[in-house]
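Novice: Residues per chain are reported as follows:
2 protein chains.
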Amino acid sequence: MPLRMSSLFVRTLKEDPVDAEVKSHRLLHRAGYIRRSAPGIYTWLPLGLAVLRRIEAIVREEIEAAGSQEVHFPALLPADPYEESGRWEAFGEGLFRLRDRKEADYLLAPTHEEVFTLLVKDMYSSYKDLPLSLFQIQTKYRDEARPRAGLLRGREFIMKDAYSFDIDDAGLDASYETMREAYVRVFTRLGLPYVMVEATPGAMGGSGTHEFLYPSEVGEDTYVRTAGGYAANVEAVTTVVPEAVDASAVPAAHVEDTPETPTIATLVDAANAQQPRSDRPWTAADTLKNVVCAVIHPDGTREVVVIGLPGDREVDLGRAAGTGMLGDGEVDLEPATEADLAAHPGLVRGYIGPGLSLEAPVLGADSATGLRYLLDPRVVDGTRWITGANEQGRHVFDLVAGRDFAGDGFIEAAQVRPGDPAPDGSGELELARGVEIGQIFKLGRRYAQKLGLSVLDENGKSQVVTMGSYGIGVTRAMACVAEEYADDKGLLWPINLAPAEVHIVATGKHQDVFDAAEALAAELEAAGHTVLLDDRPKTSPGVKFGDAELLGVPNIVVVGRGLADGLIELRDRRAGTAEELPVGEAAAAASARVREQYAALAAPQG
Amino acid sequence: MPLRMSSLFVRTLKEDPVDAEVKSHRLLHRAGYIRRSAPGIYTWLPLGLAVLRRIEAIVREEIEAAGSQEVHFPALLPADPYEESGRWEAFGEGLFRLRDRKEADYLLAPTHEEVFTLLVKDMYSSYKDLPLSLFQIQTKYRDEARPRAGLLRGREFIMKDAYSFDIDDAGLDASYETMREAYVRVFTRLGLPYVMVEATPGAMGGSGTHEFLYPSEVGEDTYVRTAGGYAANVEAVTTVVPEAVDASAVPAAHVEDTPETPTIATLVDAANAQQPRSDRPWTAADTLKNVVCAVIHPDGTREVVVIGLPGDREVDLGRAAGTGMLGDGEVDLEPATEADLAAHPGLVRGYIGPGLSLEAPVLGADSATGLRYLLDPRVVDGTRWITGANEQGRHVFDLVAGRDFAGDGFIEAAQVRPGDPAPDGSGELELARGVEIGQIFKLGRRYAQKLGLSVLDENGKSQVVTMGSYGIGVTRAMACVAEEYADDKGLLWPINLAPAEVHIVATGKHQDVFDAAEALAAELEAAGHTVLLDDRPKTSPGVKFGDAELLGVPNIVVVGRGLADGLIELRDRRAGTAEELPVGEAAAAASARVREQYAALAAPQG
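Listed in order, the protein sequences are those of chains A and B.
Be aware that the first sequence starts at 1, since it is given in my numbering, and climbs by one per residue.
Be aware that the second sequence starts at 1, since it is given in my numbering, and climbs by one per residue.
By construction, these hints were calculated from the structure, which means they are not laboratory data.
A quick note: this is a predicted structure, and the numbers were derived from the prediction, not measured.
Please note: incorrect hints may appear among the correct ones.
Quick list of in silico lysine-lysine cross-link-like pairs, BS3-like style, CA-CA up to 27 Å [to be verified]: (1) K128/A with K14/B; (2) K538/A with K450/B; (3) K489/A with K509/A; (4) K509/A with K128/B; (5) K509/B with K489/B; (6) K14/A with K538/A; (7) K461/A with K14/B; (8) K538/B with K489/B; (9) K538/A with K509/A; (10) K14/B with K450/B; (11) K128/B with K461/B; (12) K461/B with K121/B; (13) K128/B with K14/A; (14) K450/A with K121/A; (15) K461/B with K14/A; (16) K14/B with K121/A; (17) K489/A with K14/A; (18) K102/B with K102/A; (19) K450/A with K128/A; (20) K14/B with K538/A; (21) K489/B with K121/B; (22) K461/B with K14/B; (23) K461/A with K450/A; (24) K461/A with K538/B; (25) K14/A with K121/B; (26) K461/A with K128/A; (27) K538/A with K121/B; (28) K14/B with K538/B; (29) K450/A with K489/A; (30) K128/B with K102/B; (31) K121/A with K128/B; (32) K128/B with K128/A; (33) K128/A with K538/B; (34) K509/A with K14/A; (35) K121/A with K509/A.
Could you put the whole structure together from the sequences, leaning on the hints where they help?
Specialist: Set out below in structure tokens:
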């Protein structure tokens with residue numbers, strides 16, 4: 001039976017949703033695929049569910065083909081395993097927590113590492129049982145601070161999460177590679193362009209991880225790439241650290257009056273006027289900017305820290321927070337508030353510096369202020385800086401790292417810039433934005449260790465299992481497909497994801513037209529195709545065509561005025577082309593076109 | 001590819017789970033179909049998931065065939081719609097509630113009437129859009145006080161819930177009947193015996209409802225039936241109310257000393273000795289027993305009430321709580337505690353009565369105690385009772401209902417007994433137990449009214465929509481199938497629900513055996529069958545046979561010792577029979593048997 005527009009539970013809308021920021025959200029809403037139930041929480045209407053199920057089927061097929069077995073965990077889980085792993089705290093406010101009637105703690109799982117680990121521990125005990133790969137396609141929950149862009153960042157969403165279990169590192173490497181290849185097949189079949197980038201493990205821990213990003217301006221992730229093939233999440237880019245500099249010729253640090261230097265630029269001008277360098281002029285990169293920030297730890301603790309970096313760079317709060325260098329778990333990093341500054345009167349706003357000598361530090365855990373002082377990796381020993389002298393209107397010159405000051409450690413906090421060198425030497429970085437649609441992790445032994453998953457090896461010796469974790473955002477991938485395949489008229493589904501293969505539009509008032517449309521639908525269905533039939537008796541042709549374009553079925557057959565001349569029109573939604581065909585040939589032609597579209601998908605991609 | 005026991009994520013267990021109360025729970029656990037994650041919360045292992053998916057597919061097919069369209073709602077919902085409907089309170093402790101990071105109230109939905117109502121309100125506005133039927137197969141949450149029996153009463157479970165929307169009562173009747181017929185087809189295809197019983201709407205409200213019960217001793221629901229075809233949940237049985245009695249000849253009430261009458265039996269003996277009736281001896285049915293109970297209202301309020309009923313009957317707390325006569329929403333009813341009694345010193349334990357005259361009531365909202373007094377419907381006007389005189393060691397005789405005392409109302413609180421007359425006159429009731437696997441409700445206009453779902457009728461007049469709600473416990477139905485189809489060796493799946501159609505067991509150490517088993521598996525899969533292959537190289541035949549019996553695939557093919565003579569054994573798991581076949585005929589024979597088993601299912605049932 002075809003889907004019939006006369007009874008299908010769908011209403012197309014002219015208005016965008018009020019909170020719509022991106023095309024996929026606007027179109028999925030207006031075309032009646034999804035409806036918002038709460039911020040970041042959506043209801044799936046019949047057409048949306050049809051597309052979602054097709055995407056799930058592709059994911060399932062490829063992950064099973066990679067040797068993974070499907071299971072299904074609860075979304076509602078007891079807190080204990082997450083307390084053991086430390087993530088009950090580490091997830092911070094992003095975790096939906098609740099209590100049952102007996103006051104026991106539960107959570108709505110954002111991801112399932114802990115319970116997969118425990119399940120395997122419960123079932124398996126020997127190296128002979130490994131390698132093992134398990135997966136589920138399941139509803140996940142994250143209490144996002146800023147749910148946005150429809151399905152792109154939801155609070156209830158569907159993920160495919162898979163986990164591998166191996167006896168040794170070589171096994172994990174092989175499992176990781178197998179899953180990486182499966183991901184390539186999944187995204188290829190979904191028609192989604194992707195970039196695989198190096199990433200940082202973040203709160204998940206582990207030894208290596210890559211993200212699959214759908215390159216798009218609507219993405220929240222910034223990544224970098226080089227013509228030479230390097231690609232990484234900005235959080236994972238490591239600064240090319242200059243070699244230490246010989247500073248023996250640098251004079252002793254000296255404090256100078258620098259009135260009217262409220263900005264880096266005015267400071268540089270003043271420095272060149274008052275204290276010119278013999279070798280070259282001072283630049284912003286010679287100034288050491290000390291930025292006061294506040295780290296919000298997972299337990300809610302607020303810690304004021306100072307980040308020192310060259311004056312020509314800005315702090316990238318997200319990158320710095322993602323490095324894992326600020327503390328355990330998922331931390332937030334914010335600019336310091338007035339209150340933060342007021343609480344530390346040792347900080348002279350506009351003139352903050354590390355102090356004039358190693359003996360009398362102003363910044364650092366052991367200093368007068370007691371504030372952690374983290375440095376950009378470019379601040380290597382021997383580098384020579386102009387920086388605040390901790391006195392109003394004064395700066396210190398010729399302050400040398402290692403000789404006159406030191407930090408509590410380094411942090412990758414500076415914004416990555418186009419033109420920065422790639423860490424692998426493959427050239428200059430360029431920046432791009434993308435949506436994370438998949439991530440693969442080498443978790444290593446972290447979870448197995450904490451939760452006690454060991455098996456006996458060939459020699460009867462207990463070995464901690466090493467694990468991988470592999471996620472695909474299924475609902476998010478659907479949003480990306482909608483983002484990629486759309487034009488200003490509406491959605492434009494690839495044939496293998498469309499809610500129907502052919503959309504038949506019957507126009508006009510003649511019963512003949514409706515009879516012919518019904519016959520054509522029956523013929524196409526008999527040939528194994530899925531059909532959406534617009535059989536609404538009183539709707540105008542214009543509305544019907546508009547709806548067809550908005551809904552995005554790739555092939556549109558118009559049964560209308562031409563029928564009197566024995567003609568039917570076959571439209572290609574994506575190409576925007578149309579051809580008239582004798583009514584007797586229409587089914588065969590539409591069927592052939594559908595087959596061609598599938599064949600084109602299966603063909604090797606350009 | 002066959003499922004292979006050598007790599008399949010399954011471990012059979014010899015031990016029952018510690019909390020196992022019923023066969024299905026024991027077997028699904030021991031056979032490695034499910035694992036408990038928390039009380040009433042289960043993880044699905046590959047074999048369990050395979051069966052569950054087959055059950056879901058049958059449910060989906062039949063509900064779609066009934067004209068319902070599939071959608072999918074979130075499990076995590078904002079509280080507002082449930083506050084508007086009153087169920088945020090009415091669900092009481094059974095609702096999982098939580099707050100997001102902005103302190104907004106959410107719930108894990110136990111059922112979705114409110115949001116379906118709002119969705120239709122959002123999308124539709126005309127009578128032309130109706131009738132409409134929508135459904136979902138979705139994870140539901142109820143914080144059961146006593147999760148039990150594995151999947152039979154879970155806290156996270158899968159339900160198919162459908163909702164119908166009609167413009168008038170006739171439409172609702174038709175939608176209800178369509179869904180009833182679909183349910184019959186679903187349960188027939190699942191091979192589940194069922195009884196359709198009248199039930200009470202309870203907290204759901206509405207005008208009519210039936211439950212589908214799987215008759216089983218493990219069920220928590222007691223229902224009644226007659227040889228004449230009546231069937232009802234005990235909560236829905238209505239007492240055949242005797243006609244009012246002419247009490248003009250009954251003497252005035254009189255209080256008597258009745259020492260040493262601690263029980264109804266001793267009271268009856270004393271009455272017959274001291275105050276014999278002229279017409280017949282007193283029996284327990286002539287005594288009026290007044291039972292003190294506590295109603296726990298949804299808001300947590302505890303209300304002490306007194307229920308008066310004939311002394312030969314016990315109070316059925318569940319039935320009384322289910323009648324809806326004790327208050328709005330889902331109430332609990334408990335025996336009164338010492339504290340309850342202590343709080344009402346007017347109650348003389350063992351001698352509680354309504355008082356000696358209508359002018360000086362002891363029980364009732366307007367009485368000295370102020371406690372609501374609810375009467376069994378058999379206490380009709382003119383009936384003559386012996387009951388407590390509210391004095392230690394004394395009873396009142398010839399107390400006549402209507403003349404000397406009255407209640408605040410009637411309640412169906414007495415236990416239904418075998419032999420009681422059916423309300424429809426179809427004979428004497430017999431009692432049986434069952435598991436609720438489905439329920440269909442005529443909700444009527446309650447939700448549409450509260451949430452404002454109206455459409456314009458043919459005359460342009462706004463009409464409140466009338467709704468039905470239809471549930472099937474999908475995971476619970478699976479437990480019932482496991483309950484129904486099992487023997488002392490293990491599970492016994494019907495062919496259309498089994499995780500595989502044929503289980504091939506390769507025994508012994510000869511490579512020939514494994515090669516032949518592989519070839520047979522390949523042949524059966526080529527013929528379109530699903531195969532589970534026990535290819536474990538070092539497992540003993542006994543263990544393999546035991547596992548095959550426990551797992552419950554209906555057809556077992558043994559490739560073992562006989563292979564040297566060119567023979568293979570084909571076992572029928574349910575019949576317990578086996579036949580030897582030439583190896584060349586085995587695949588065809590197994591295939592034929594599978595086809596016969598499907599054909600037998602499709603045949604009209606006995």
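Novice: Looking back at the numbered hints, which does the structure fail to meet, lowest number first?
Specialist: Hint check: 2, 10, 20, 21, 22, 29, 30, 31, 32 and 35 fail, others pass.
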